[in-house]
Amino acid sequence: DGGITQSPKYLFRKEGQNVTLSCEQNLNHDAMYWYRQDPGQGLRLIYYSQIVNDFQKGDIAEGYSVSREKKESFPLTVTSAQKNPTAFYLCASSILGTVNTEAFFGQGTRLTVV
Amino acid sequence: QQQVKQSPQSLIVQKGGISIINCAYENTAFDYFPWYQQFPGKGPALLIAIRPDVSEKKEGRFTISFNKSAKQFSLHIMDSQPGDSATYFCAAGGSGGGADGLTFGKGTHLIIQP
Numbered sequence: 001d002g003g004i005t006q007s008p009k010y011l012f013r014k015e016g017q018n019v020t021l022s023c024e025q026n027l028n029h030d031a032m033y034w035y036r037q038d039p040g041q042g043l044r045l046i047y048y049s050q051i052v053n054d055f056q057k058g059d060i061a062e063g064y065s066v067s068r069e070k071k072e073s074f075p076l077t078v079t080s081a082q083k084n085p086t087a088f089y090l091c092a093s094s095i096l097g098t099v100n101t102e103a104f105f106g107q108g109t110r111l112t113v114v
Numbered sequence: 001q002q003q004v005k006q007s008p009q010s011l012i013v014q015k016g017g018i019s020i021i022n023c024a025y026e027n028t029a030f031d032y033f034p035w036y037q038q039f040p041g042k043g044p045a046l047l048i049a050i051r052p053d054v055s056e057k058k059e060g061r062f063t064i065s066f067n068k069s070a071k072q073f074s075l076h077i078m079d080s081q082p083g084d085s086a087t088y089f090c091a092a093g094g095s096g097g098g099a100d101g102l103t104f105g106k107g108t109h110l111i112i113q114p
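Sequences listed follow chains P and L, in order. Just so it is clear: in the first sequence, position 109 is 109 by our numbering, and no numbers are missing. Just so it is clear: in the second sequence, position 73 is 73 by our numbering, and no numbers are missing.
If you're looking for bench data, these hints aren't it; they were derived computationally from the structure. Hints are not guaranteed to be accurate.
[What the hints assert, rightly or not] Beta-carbon label-pair distances, calculated as ranges:
# : chain 1 : residue 1 : chain 2 : residue 2 : range
1 : P       : V114      : L       : G60       : 37 to 45 Å
2 : L       : A45       : P       : N53       : 23 to 31 Å
3 : P       : T20       : L       : Q72       : 34 to 42 Å
4 : L       : Q72       : P       : K70       : 36 to 44 Å
5 : L       : S55       : P       : V114      : 45 to 53 Å
6 : P       : G97       : L       : A45       : 17 to 25 Å
7 : P       : T20       : L       : G60       : 38 to 46 Å
[As the list claims (entries may be wrong)] Below, simulated DSBU-like cross-link-like pairs (lysine-lysine); rule was C-alpha separation at most 35 Å, straight line:
#  : chain 1 : residue 1 : chain 2 : residue 2
8  : P       : K83       : L       : K5
9  : P       : K57       : L       : K71
10 : P       : K83       : P       : K70
11 : P       : K71       : L       : K5
12 : P       : K14       : L       : K42
13 : L       : K57       : L       : K71
14 : P       : K70       : L       : K42
15 : P       : K57       : L       : K5
[Stated by the list, open to error] Over the 12 Å line for every Cβ pair with chain L, so calculated as not near, a few chain P residues:
#  : residue
16 : G16
17 : N18
18 : V19
19 : T20
20 : N26
21 : D38
22 : E62
23 : G63
24 : S73
25 : V113
Even for Gly, the Cβ is constructed at its ideal location relative to N, Cα and C.
Hey, can you work out the whole structure from these sequences and the hints?
Right, dumping it as structure tokens:
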């Protein structure tokens, strides 16, 4: 089945640690995105990538880093510089074209600082 | 700067009633307006979307109404059912063909009472 797979589903981080969230898609989509979801805040864009080896900062990129070495994969690292990392993280992908099309989301990773 | 404002934050509707959620946007470069449905612990899924060249789009019990001059759009759920209980997000996409992601409203928590 085609789709987006995020792992792990739950992740716990100690203060000062870097953690990496995985996102893999088999939809052959060019564009991939990371969003952060907090209660009552909607979804906010962290990073996005249109092609391999290229990515752009979104609205809340500070304290995060990404890579796009393969079309199918777009991992997100939450660094120790992110002061409030507890949130629900969502990865998405879409086809790129002249008009917007549907963005498909993964099932999310819930990150908690302990 | 909140570019997409969504209201109400929460909504309770009786089974069989009409649920109405409103959104307003500021950026006239937006040209794609999707609504996403999210169940607890899951990623959002596209419900219905509209482009500014039409004023209304209907899919089953779900209708988007779009007012370009007022920069507003709304979701109407007819004959609301308990299974419709979820969080709904409106969003807006720019004219870049999806390259730079979507801007989301803060969400509406909808409860349909049996």
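Which of the stated hints cannot be reconciled with the structure, identified by number in ascending sequence?
21
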